[in-house]
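Undergrad: Between the sequences and the hints, there should be enough to build the whole structure, so can you do that?
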Amino acid sequence: MPAMRPEGDEPPADDESAEPEDQDASGESEAPEPDPPDPEAPESETPESEAPEYTVYDKTGEEKRKQSAPEPRKPKQARAEEGKPEYKVYKSRPGLRDRFGKPDMAKLRRERGGGGAGGGGLRDRLSGAGGGRKWLRWVLVGIAAWLLLSFVAFAISAQNQKGKLDDSAKDALQGGPDLLAGQNILILGGDRRGDRQQNASGTEGQGPPRADTIMVLHASLTSFRKLSIPRDTFAAIPDCGSQRINASLACNTTSPDGNPASTIATVENFLGIPIHHLVIIDFDGFADLINTLGGVKVDVPGNENVSAKCEQRDVVVAGDVDGGKKQGGVSLGLPAGETTLEGDKALAFARIRKNECDPGEDDTDRAARQQSVLNGIKGRLTDPLRLPYNFVKGPWIGWNAPKAFISDMGAFTLPQLAIAGVFGGSGDTNVLKPSGSGPGGSLFISQGDCRRAVEELTGGEPDDDPECSP
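Mapping of the sequence shown onto our numbering: residues 4 to 473, in sequence order.
Any given hint could be a false lead.
[Said to hold, decoys possible] Label-pair distances were calculated between CB atoms; the ranges are: (1) GLY166 to ALA339: 42 to 48 Å; (2) GLU345 to ASN163: 21 to 27 Å; (3) GLY451 to LEU143: 35 to 41 Å.
Treat the hints as calculated values from the structure; they're not laboratory data.
Just so it is clear, CB atoms sit at the ideal spot from N, CA and C, and this is done for glycine as well.
TA: In structure tokens:
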């Protein structure tokens with residue numbers, strides 16, 4: 004870099020013989036000591052016009068140019084007084100390059116391997132506050148995704164089943180109010196086990212099904228009550244005369260699915276209440292749902308009237324369904340007390356007509372067993388100890404649950420029924436009690452008994468006077 008000297012100074016001569024002034028005997032020069040500063044003297048200020056000039060020389064010593072000394076930087080206060088704006092410099096946030104730049108390999112080794120002087124590694128990081136929050140966040144995301152998958156499976160399956168319901172049955176329903184207003188839901192289980200019936204021509208053949216199960220649910224946010232109507236109850240069936248109420252499903256039809264619209268009208272007149280929704284149980288899907296839940300717990304009541312044969316076997320409920328085990332069906336024998344039943348046996352427990360251990364049982368005992376199975380399903384779904392199992396099985400439960408029945412309720416109405424089942428009170432069994440016998444061994448229900456049962460079911464008086472047994 005070229006040297007700079009004040010103007011007027013000559014370049015130094017190469018005369019080594021010149022002796023500096025004021026040298027002492029040792030040959031060292033004595034520099035005069037500077038005078039001490041006077042504290043009272045004002046500081047000297049160099050005006051801009053008297054700023055010293057410098058002469059710039061090149062390497063050969065020749066003068067290159069003259070240059071004024073740079074103006075000294077003024078303090079912030081002076082610049083502010085001159086009206087010049089002040090600026091502050093801020094550091095920007097790290098960009099993508101800073102965040103995803105070249106990794107620190109030593110840091111990665113410590114995190115993954117736990118090596119180095121820091122020790123701990125990934126384990127320590129996860130146990131810390133930041134790592135713990137990140138781990139928890141991923142766990143919550145996984146739980147939400149699994150629940151969403153369960154609901155999607157439920158919604159698709161429910162919509163598929165909704166399309167299987169006959170249009171005449173949909174037209175016979177009153178439409179559904181929301182869950183806050185309360186909904187009356189008719190549950191039907193058709194008898195399609197191949198019983199030999201007479202068709203219209205008088206010859207034996209496979210006729211339309213009769214109702215094995217007739218039950219009404221009243222579901223709301225504050226109640227979830229059930230009322231079973233025995234299948235042998237004597238009732239007036241529109242267009243088919245007065246007979247056992249289970250024949251309403253086979254009225255004016257030759258369809259293997261029956262005529263649900265006839266049963267809807269019959270039950271509405273019988274109880275004096277509107278039916279908003281319909282559920283037809285599919286026995287095969289019903290058994291699959293119970294198996295997916297890991298079985299259901301049912302409480303088999305004791306019976307002092309059991310036969311000697313059953314007493315020796317220590318069972319209180321026994322019988323065959325679909326021809327029994329020898330014909331590919333189910334043979335049942337259950338002791339008193341709580342027991343867990345798989346799908347086929349739970350279905351047989353609900354459907355068995357004649358209890359070999361007590362021939363004196365009637366259809367009201369059968370209806371009570373059906374409600375016991377429904378309560379067992381509800382218990383499996385709402386038991387806090389079963390929540391981990393139900394969570395893991397969520398997509399399978401969501402897929403199989405709607406396949407257990409055919410209904411007018413789809414993906415957005417069925418969850419209301421599930422919510423009512425969880426929060427809507429107890430699962431007490433309520434069966435219409437007959438007050439006498441009707442024609443052909445049917446059961447007679449008085450109007451007073453009907454009215455009291457409806458008030459207990461809905462929490463209020465029936466909309467219309469119930470016809471009950473004519």
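Undergrad: Look at each hint and say if it fits the structure.
TA: Hint-by-hint comparison with the structure:
no.	hint	verdict
1	GLY166 to ALA339: 42 to 48 Å	holds, 43 Å
2	GLU345 to ASN163: 21 to 27 Å	holds, 25 Å
3	GLY451 to LEU143: 35 to 41 Å	violated, 56 Å
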